[in-house]
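Those protein sequence lines, which keep their order, are chains G and L.
Everything in the first sequence is counted per UniProt numbering, starting at 29 for the first residue and increasing by one.
Everything in the second sequence is counted per UniProt numbering, starting at 29 for the first residue and increasing by one.
Hints may be right or wrong, so weigh each one.
Any copy, or any two copies together, can satisfy a pair, since identical chains are not distinguished.
Heads up, simulated DSSO-like pairs for lysine-lysine below, C-alpha to C-alpha not over 27 Å straight-line [stated by the list, open to error]:
hint, residue 1, residue 2
1, 120, 165
2, 59, 141
3, 141, 165
4, 72, 250
5, 52, 268
6, 59, 250
7, 96, 59
8, 72, 141
9, 141, 120
10, 141, 250
11, 65, 268
12, 59, 257
13, 59, 268
14, 72, 59
15, 257, 96
16, 257, 120
17, 72, 120
18, 72, 257
19, 52, 136
20, 136, 163
Honestly, the hints are just simulated from the structure, not real lab data.
Number of protein chains: 2
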Amino acid sequence: LQKLGKADETRDSAFEELVANFNKQMTEGSKVQRDLKAYLAAVKAMHEASRRLQDCLADMYEPDWFGKEELDALVEDTDTLWLDYHQNLTDKSLLGLDTYLAQFPEIKARVAKRERKLVDFDSARHHFASLQKGKKKDDAKIAKPAALLEMAAPSWAQGLISAHQVAQTNLSYNQAEEELGRAQRIFEELNVELQDELPVLWDSRVGVYVGTFQSLAGHQEKFHREMSKLSHNLNDIMTKLEEQRQL
Amino acid sequence: LQKLGKADETRDSAFEELVANFNKQMTEGSKVQRDLKAYLAAVKAMHEASRRLQDCLADMYEPDWFGKEELDALVEDTDTLWLDYHQNLTDKSLLGLDTYLAQFPEIKARVAKRERKLVDFDSARHHFASLQKGKKKDDAKIAKPAALLEMAAPSWAQGLISAHQVAQTNLSYNQAEEELGRAQRIFEELNVELQDELPVLWDSRVGVYVGTFQSLAGHQEKFHREMSKLSHNLNDIMTKLEEQRQL
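So here's chain G without its partners, still in its complex pose:
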């Protein structure tokens, strides 16, 4: 078991790296989620401020001024564009991220459970190791008295006394061995699962970041392109009004 212990230690340091990655990935993901939510709140705030400013112009705009109808339509179109942008980011970019992050708590719980089962396994191993050490001493002790006892005993009883003592020692030794086997199986099952899953999860982060920011960039590109056109139209309306003013 000394050799196994050495191997386990090595294996656990590799696992610790997986857990460090898992934690890093969870922290990163939560930060993207938080920052995206803050961005969405800012989009909403800028939408409202933009709406108020355009409403202000529309309210001042007198009915006989050139472009009154175009302006009213423009205010509505701008409003719709902002609403769609916010909705798309919420439905597409944020939702994908939410789904990705939703799997972390369950995995985190299993990582913690593996930690507890490793403690159980280690304790079973130490118990078994101490029994094993004691058994060797007992075997040595029994070997001597048994020899003296056997010399005094009739020949038919020789071997039986030591066999009885050995059997008693073997009983708790075997129980401990079974316990060790069970603890190891429970731990190994969790360990193998996580050793399979964590690297896959770690690799999946790249796809999630790509998905989130590609979706964000796509909606941003469309939103800003359309907004640029609407701004151009507002510029045109203002030019018409300026021409009317100079008549």
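We have chain G already, so just place chain L on it with the hints.
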């Protein structure tokens, strides 16, 4: 003066319309200024939220991922674009509006002064009108007693007594007339000034609105156009990263 009073009343109702426009224009202008400032604050907040979200991506982006350098450059370019947009709106759109609104307090003070001078003028007019009324009565009264007095007086004194009384009445009458003239001149001077200036100021609002919103629309158009391009670039970087991931 009855006729003049009638004319003044008409003139004042026309002036009240000018003042109503002036107040409307001041309220409108202040609202545009307030809404533009709120929009600028929202631009700043969205800039910060956008910057945090992009920094978050750049921080997660590992050095060996495709497009790391392009991403870092993009984050800087996006930041500069936001800063320029905010600065341009502050320097151009808002500053023009500030200059326009800065002239209102002084004109408002002169409108209030004209109001006070109109009260002085009215009071001088009523004082003079009551003296004028009194003088007519006095003239009638003096005419009779003077006739009796003159009959009893030596012929050389005839005419002098009534002349003395008439002179005394005339003194306060003349003072009131002068006072009225002075009050009228002060009022008229302010009145003529404001009657010239207020319609010009009222008409100027259209040009100011055109200037403010044309400048705003122009900067918006440019900002959104450039931002759409940067979003396109971010999309490209994400596509490259996705390709690397699938290798």
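Structure-based check of each hint:
no.	hint	verdict
1	120 with 165	neither (69 Å within a copy, 94 Å between copies)
2	59 with 141	within (26 Å within a copy, 61 Å between copies)
3	141 with 165	neither (36 Å within a copy, 116 Å between copies)
4	72 with 250	both (17 Å within a copy, 21 Å between copies)
5	52 with 268	between (57 Å within a copy, 23 Å between copies)
6	59 with 250	within (25 Å within a copy, 31 Å between copies)
7	96 with 59	between (45 Å within a copy, 19 Å between copies)
8	72 with 141	neither (42 Å within a copy, 46 Å between copies)
9	141 with 120	neither (34 Å within a copy, 62 Å between copies)
10	141 with 250	neither (47 Å within a copy, 56 Å between copies)
11	65 with 268	between (40 Å within a copy, 26 Å between copies)
12	59 with 257	between (33 Å within a copy, 26 Å between copies)
13	59 with 268	between (47 Å within a copy, 23 Å between copies)
14	72 with 59	both (20 Å within a copy, 21 Å between copies)
15	257 with 96	within (18 Å within a copy, 31 Å between copies)
16	257 with 120	both (24 Å within a copy, 21 Å between copies)
17	72 with 120	both (16 Å within a copy, 25 Å between copies)
18	72 with 257	both (20 Å within a copy, 22 Å between copies)
19	52 with 136	within (12 Å within a copy, 63 Å between copies)
20	136 with 163	neither (41 Å within a copy, 107 Å between copies)
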